[in-house]
Amino acid sequence: MTTQTPSSPNREPGFLHQSVASFGKGLIDVVSTLGGVATLGLDVFRWAVRPPFRLTNLFAQLDFVGVGSIFIVGLTGTFTGMVFALQTSTAFALFDAESLVGPTVALTLTRELAAVFSALMVTMRAGSAMCTELGTMRVTEQVDALETMAVNPVQYLLVPRVLAGLFMVPALTMLFNTTGMAGSYLVAVGALGISPGTFLSRTQQWLAPADIYEGLVKGAVFGLAVALICCFKGYNASGGAKGVGQATTEAMVASALSIFILDFILGLMWH
Amino acid sequence: MAAQESTRAGSGPAASTTPMIEIVDLHKTFGETKVLTGINLKVPAGSTCVILGGSGSGKTVLMKHMIGLLKPDSGKVIIDGEDIVPMSVRGLQQVRNKFGMVFQAAALFDSMTVFENVAFPLREHTKDSEDVIHQKVRARLDLMGLKPAVEDKFPADLSGGMRKRVGLARATILGPKIVLYDEPTTGLDPITTDYVDDMILAAQKGLGVTSVVISHDIASAFNVADQIAFLSKGVIVENGPPDQVRESQHPAVKVFLQTWFGKN
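Taken in order, these protein sequences are the chains called A and B.
Going by numbering that gives the first Met the number 0, the letters in the first sequence line up with residues 0 to 270, in that order.
Going by numbering that gives the first Met the number 0, the letters in the second sequence line up with residues 0 to 263, in that order.
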């Protein structure tokens, strides 16, 4: 083992050096992924409008992403609404304003939480499966096999998945709104003793269609982003089972981050 | 083995001198690594060409250029008279209709049954009714020696040899002019290897296709080839009928072939 002086050119890089290098690498990865996702997005929409239109594949993905997520999104919505009603009622009780529980829950769900939570649920349930399936197809040469059979893999594999994300996350957002409000009604009226008339009339008074539209638009954007990111990571996976696992992890992290970042950007734009 | 070679070499029934595949001065680099450094190769229509070479010699990269899965840095890939290098994605799709490809691990769609895998090209590229598709798939599986009971199985339930046969059935169901085989005998036992060799010969004789096989299995190569091209360090260093390649004085070819002929 050789002793190195502080001036040795071969000394270990310091903490600052490593931190900057790590930040730089992360930044390059983010920019590279953004560029790749954007390019893939353009490719997907170019192939989406070209025949042949494989409706069977599209319906299979709508079923997988949407229908398959109904239970988990419904359950998450119900409990989110219940918890929200419970917490807000405690806070509002401090200044005798429990009648605002309904509208508060309604506005929070419709504008923000329903879209964000639905997209997160779809990411965990369907996005991970999309990424793993595409990654496995890539590393086992099934994607190459499609190309050799003169079938465009972007059109065959990616278009139905991305469209399913785009269409089904808003639908699930609406489901989340409904079950979330039902959950909050149950807790507010059933357990906390708020009058049903007060709960419903105040909610109706404060909630506008624009609030619901905001959530639905966010849901569509999140669904598109999540599907594109998961497809991009899976489609470009390499390195066998380990590579597929790594791609799926990266897809989950990137999808979750993109949901929160896009939520903020869309919130700013909307208001 | 020797008897098989003597009857086999240069015996392609439909072989002609017109090249179905012509590679001209092909170069390909990945990052800093030069993989192909000036490949020239002609494969006559109706013949079987085996591209031999060690691991990492660039065989798979060369094959992927033939079907347009990779674009070269420079050079031409002429398929049935057309240079496919400058072609658009749509143009390439037209050319790929002339090909069938059998992958090393078969690359069957694991979400589909055997029947659905073999029927896939028919459903994508023809307007055949389901009855006609069923008949064609059944006939092709029969040709590959696969029983009807296999139709409903998924690829995960098949042995390696059966997967290769299903892969060949899928690759040839549309009657392609060219079939590419990527390491068809790797990882198979000797009996199954013989079966796969017979399958390649049957495809050439029965269907009249031009075949390109990439392999490092010397016995299998000399069993099926009309022409052997030996790839080393990104260039073809020997090219000709099996008997000619066997007598090659090129050091890389001699060392490679000694691993088999030195022992037999």
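One or more hints might be untrue.
[Claimed, not checked] For each label pair, taking beta carbons as the anchor points, the in silico distance ranges come out as:
#1 A:F44 to B:H124: 20 to 30 Å
#2 A:L256 to B:G144: 47 to 57 Å
#3 A:L54 to B:T125: 14 to 24 Å
#4 B:K152 to A:F44: 32 to 42 Å
#5 B:G174 to A:I260: 43 to 53 Å
#6 A:A20 to B:H124: 43 to 53 Å
#7 A:T55 to B:G207: 18 to 28 Å
#8 B:D141 to A:T55: 25 to 35 Å
#9 B:D197 to A:G25: 37 to 47 Å
#10 B:K70 to A:R45: 13 to 23 Å
#11 A:F44 to B:G174: 26 to 36 Å
[What the hints assert, rightly or not] Facing chain B, from chain A, some residues (calculated, C-beta under 7 Å):
#12 S127
#13 A144
#14 T147
Hints are computed from structural coordinates only; laboratory data are not their basis.
Beta carbons are placed, not taken as given, at the ideal position from N, Cα and C, and that holds for glycine.
So, going through the hints one by one against the coordinates:
no.	hint	in the structure
1	A:F44 to B:H124: 20 to 30 Å	24 Å, holds
2	A:L256 to B:G144: 47 to 57 Å	53 Å, holds
3	A:L54 to B:T125: 14 to 24 Å	18 Å, holds
4	B:K152 to A:F44: 32 to 42 Å	38 Å, holds
5	B:G174 to A:I260: 43 to 53 Å	52 Å, holds
6	A:A20 to B:H124: 43 to 53 Å	51 Å, holds
7	A:T55 to B:G207: 18 to 28 Å	34 Å, violated
8	B:D141 to A:T55: 25 to 35 Å	28 Å, holds
9	B:D197 to A:G25: 37 to 47 Å	55 Å, violated
10	B:K70 to A:R45: 13 to 23 Å	19 Å, holds
11	A:F44 to B:G174: 26 to 36 Å	35 Å, holds
12	S127	16 Å, violated
13	A144	4 Å, holds
14	T147	4 Å, holds
Hint compliance for this structure: hints 7, 9 and 12 are broken, all remaining hints hold.
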